[in-house]
Amino acid sequence: MTFAHHGYIGFACSYVPLAVIDAAGYVPWRVLPMSECPDQAGQLLHDNLCPHVKRIIDRVLADDLPQLEGMVFINSCDAMRRMADAWQQIRPSDKTIMLDLPSTQEPASLAYFAQEVRRLAQTLADWGDRPLSVNAIRESTRRYNALGRLLMQANERLRDGTLEGGSARMQALYNQASTEPVEASIDRMQAILASPATTRQADPGVPVFLFGNVLPDPEVFTLFEDCGAFIAGDDFCTGSRLFTENAREVADDPWQFLAEELLLHPPCARTFDPARPGQIARDVLQKAQACRAQGVIGYTLKFCDPYLARLPLVRAAMKAANLPVLLLEGDCTLRSIGQQRTRIEAFIEMLRESK
Amino acid sequence: MMRQYFEDLIAGIELKLNTDPESHSPRKLYALEIARLGQRLYSDNERVAWCGVAAPFDLLSAMGVTSCFVEFIGAMLAGTGTADTFLEAAEQEGFAGDTCGYHRSVIGAAKNGMMPIPDFLIATSCPCSGGLAVMENLAHYFEKDLFVLDVPQQATKESVRYLADQIKAMVAFVANHTGEQLNEDRLQEAIAHTNQARLHMIEAYRLAQQVPSPANGRDLVNFGIAMALLLGTQAAVDVSRAYREEFAARCRAEISGVPGEQLRLMWIQNRIQFKNDVVKLLETQFKAAIVVDELNSIPWEAIDPRDPYTGMALRTISIPLNGSVQRRVEHLQSLAKAYRVDGAINPCHWGCRQGTGARGMIAEGLKAIGVPVLNLEVDCVDSRNFGEGQVKTRLEAFSEMLAGRL
Chain A
1 MTFAHHGYIG
11 FACSYVPLAV
21 IDAAGYVPWR
31 VLPMSECPDQ
41 AGQLLHDNLC
51 PHVKRIIDRV
61 LADDLPQLEG
71 MVFINSCDAM
81 RRMADAWQQI
91 RPSDKTIMLD
101 LPSTQEPASL
111 AYFAQEVRRL
121 AQTLADWGDR
131 PLSVNAIRES
141 TRRYNALGRL
151 LMQANERLRD
161 GTLEGGSARM
171 QALYNQASTE
181 PVEASIDRMQ
191 AILASPATTR
201 QADPGVPVFL
211 FGNVLPDPEV
221 FTLFEDCGAF
231 IAGDDFCTGS
241 RLFTENAREV
251 ADDPWQFLAE
261 ELLLHPPCAR
271 TFDPARPGQI
281 ARDVLQKAQA
291 CRAQGVIGYT
301 LKFCDPYLAR
311 LPLVRAAMKA
321 ANLPVLLLEG
331 DCTLRSIGQQ
341 RTRIEAFIEM
351 LRESK
Chain B
1 MMRQYFEDLI
11 AGIELKLNTD
21 PESHSPRKLY
31 ALEIARLGQR
41 LYSDNERVAW
51 CGVAAPFDLL
61 SAMGVTSCFV
71 EFIGAMLAGT
81 GTADTFLEAA
91 EQEGFAGDTC
101 GYHRSVIGAA
111 KNGMMPIPDF
121 LIATSCPCSG
131 GLAVMENLAH
141 YFEKDLFVLD
151 VPQQATKESV
161 RYLADQIKAM
171 VAFVANHTGE
181 QLNEDRLQEA
191 IAHTNQARLH
201 MIEAYRLAQQ
211 VPSPANGRDL
221 VNFGIAMALL
231 LGTQAAVDVS
241 RAYREEFAAR
251 CRAEISGVPG
261 EQLRLMWIQN
271 RIQFKNDVVK
281 LLETQFKAAI
291 VVDELNSIPW
301 EAIDPRDPYT
311 GMALRTISIP
321 LNGSVQRRVE
331 HLQSLAKAYR
341 VDGAINPCHW
351 GCRQGTGARG
361 MIAEGLKAIG
371 VPVLNLEVDC
381 VDSRNFGEGQ
391 VKTRLEAFSE
401 MLAGRL
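Protein chains in written order, with the working numbering: chain A, 1 to 355; chain B, 1 to 406.
Accuracy of the hints is not assured; some may be wrong.
[Stated by the list, open to error] In silico contact screen, one side only, chain A against chain B (beta carbon under 8 Å); selected entries: (1) Y112; (2) A114; (3) G278; (4) L313.
[Unchecked claim] Simulated restraints, written as ranges between beta carbons of each label pair: (5) B:K337 - A:F3: 51 to 61 Å; (6) A:Q40 - B:L199: 44 to 54 Å; (7) A:E345 - B:A169: 48 to 58 Å.
[Claimed, not checked] Some chain A residues flagged as far from chain B (calculated, every beta-carbon gap over 12 Å): (8) D63; (9) N175; (10) E180; (11) A197; (12) D203; (13) P324; (14) G338.
No lab work stands behind these hints, which were simulated from the structure alone.
Here a beta-carbon is modelled for each residue, glycine too, at the ideal position from N, C-alpha and C.
Full structure from sequences and hints, please.
Okay, structure coming up:
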């Protein structure tokens, strides 16, 4: 089935309000850092910049993108800002917008971000020369919440060990949901959930909690499972952080509603509460314990300052809770994490023996 | 150790100034005031706030708070040759070696008791994600309250108001911690000092644009960024006026900062903070003067005393390291033209995604106006990987190329 729309709007960060793009008649299309195109981003960006961003710029330089009607950037970190700069230099005629994303979740930050969400809506309406009604926002938000709910149900099957295809399939579903019309994803997810669940394996593996930033390649999840891990829970911006379920209805002020939905959702390391410094470590611990993980694996991109600066706190919190932790760095490629296969296997083996 | 260092530094400079009036120079006065700030930070009897780079230091000063951005400590440690110990300490704690050396050294210093325990912390989301993260880490480590100033990328009516409101909220936060409300007279006095210093600095920079420049490669090292720490005080007025008068006198006497100046260079972002011979090499071997540093400029308007928070918000948003690279490149281009530079050097501070991340675009932007850029690979704080010979070779080749273009 095809769904009518007015083209794709690119994005690359989980803080983008997808419902606004959908309401404006466009399909949000996540530019994933997955491509066979050559490494060329170094022409514009320093080698020690986030590989997620560099891979996306590689795609831009290689014209490895669908027809985009515009691109939404988010001021989420230094690397994202540089990505916007490089993108605009390579494709100066693209329609682009940069949203200011506050670093904290305080009331003033939420109010300011609500203004930014509203600015996005107005910009999209201008780009398409179509009005964007509050009702349309409300409907789109409902659709994305429905999708979030369906993905969460699939996730529950996954955690129960009964989702066919395991975590690799779950990641593929996230990737599809971030690059196709929301209705298409809803249909697919309903069909999947209507089919019978598979039988749980007798020994699905050692339960671990996986967290980090960008991990879109489904094969990476297969690799973890091949090493003997059962991913009992995860937290990535290319996965569960992008599609959250919100049972609330859109309030009278949809901008404030969306700002709260995004800024208050499980945060990336770049967002924090000044009143609770180091909260990310407690969050990781709480999630790991909630899914009864025997160990924690952190996977972060090289040169990601928001995460690199907080990992020592995470490590200390896990140590204090007597929960083993393995920290991995990569560059968005299966190759980079494949090189760490031995470490992952040893970690899982250690967890298995200490059970 | 740091307290003793600053006390010795003050004593040494004061002795020199008292016994040798001929040695008076704006650089000495500047070093003296920075040392006095350092002494106050480590004195144990001042209210201290560790801050992000873009904090409104004049406002904090008006509230009786001795404040400083944490990167200052990284630079100080590097300048005294002691940073390596603290870099290693941070790395042993798990802080990655490919993050910013300023921030790593600060974390190491804090964990080794080398940073005074602050009364509170004021973080700024500008200029960089790493800076914000280190402030969260320090707040966690010191178990002190943290206030975050979220700096928008552009100056719009809404964004300026957002930041101005945050600065107002910061005043309430500070008052809650000090127990003293902001005194309006002290605020007005601080703004007057800031605006006076601003005018002196603008004039000093204008004089430095002359050909040949009265400034040499050491006169204004770290000046623009460190002067922000003195804003709001009489010291800022005195130091900036001293530079203005000294440069004016040199211009009148036709004294060139680098005798026989042949090449004029711009330094992008921060200087190399540990001891090195880069400036000496450039000046002695190639008669090359670093006439301008990227951060030695005043892109902001005078603070309106009737609406200080808006003025401070605009000032913060205006700093060259905030916003898009296009804006930064335009700033660099305008400096390059005003100072008539022959080339630019970008140390590409290792670990700085904010500043160095866009080096290719910066080089392209300057090349577009005929200014070649030398991109080095230096961690400006961490001397352990400094390839002095390699850097010298590249500087020589670059300088020879520039000389060939004259």
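The hints, checked one at a time:
For Y112 of chain A, the suggested interface contact is upheld, since its CB lies about 5 Å from the closest CB of chain B, less than 8 Å. Because the beta carbon of A114 of chain A sits about 11 Å from the nearest beta carbon in chain B, more than 8 Å, this interface hint is broken. Hint status for G278 of chain A: holds, given a least beta-carbon distance of 4 Å to chain B, under 8 Å. Hint status for L313 of chain A relative to chain B: holds, with the closest Cβ pair at about 7 Å, below 8 Å.
Between K337 of chain B and F3 of chain A the CB atoms are about 53 Å apart, so this pair conforms to the stated range of 51 to 61 Å. At about 47 Å, the beta-carbon gap between Q40 of chain A and L199 of chain B stays in the expected band of 44 to 54 Å. Range check, E345 of chain A to A169 of chain B: Cβ separation about 51 Å, and the 48 to 58 Å hint holds. A cut-off of 12 Å between C-beta atoms confirms that D63 of chain A is not in contact with chain B; the least separation is 19 Å.
Against chain B, the non-interface label of N175 of chain A holds: every CB pair exceeds 12 Å, the least being about 26 Å. For E180 of chain A, the condition that its CB be more than 12 Å from all CB atoms of chain B holds, with the nearest at approximately 31 Å. At roughly 41 Å, the least C-beta separation between A197 of chain A and chain B is larger than 12 Å, which holds for a residue marked as non-interface. Its beta-carbon lying about 33 Å from the closest one in chain B, D203 of chain A satisfies the requirement of being farther than 12 Å from that chain.
Under the 12 Å C-beta cut-off, the non-interface status given to P324 of chain A relative to chain B holds; the minimum distance is some 15 Å. Under the 12 Å C-beta cut-off, the non-interface status given to G338 of chain A relative to chain B holds; the minimum distance is some 21 Å.
Violated hint for the displayed structure: number 2, the only one.
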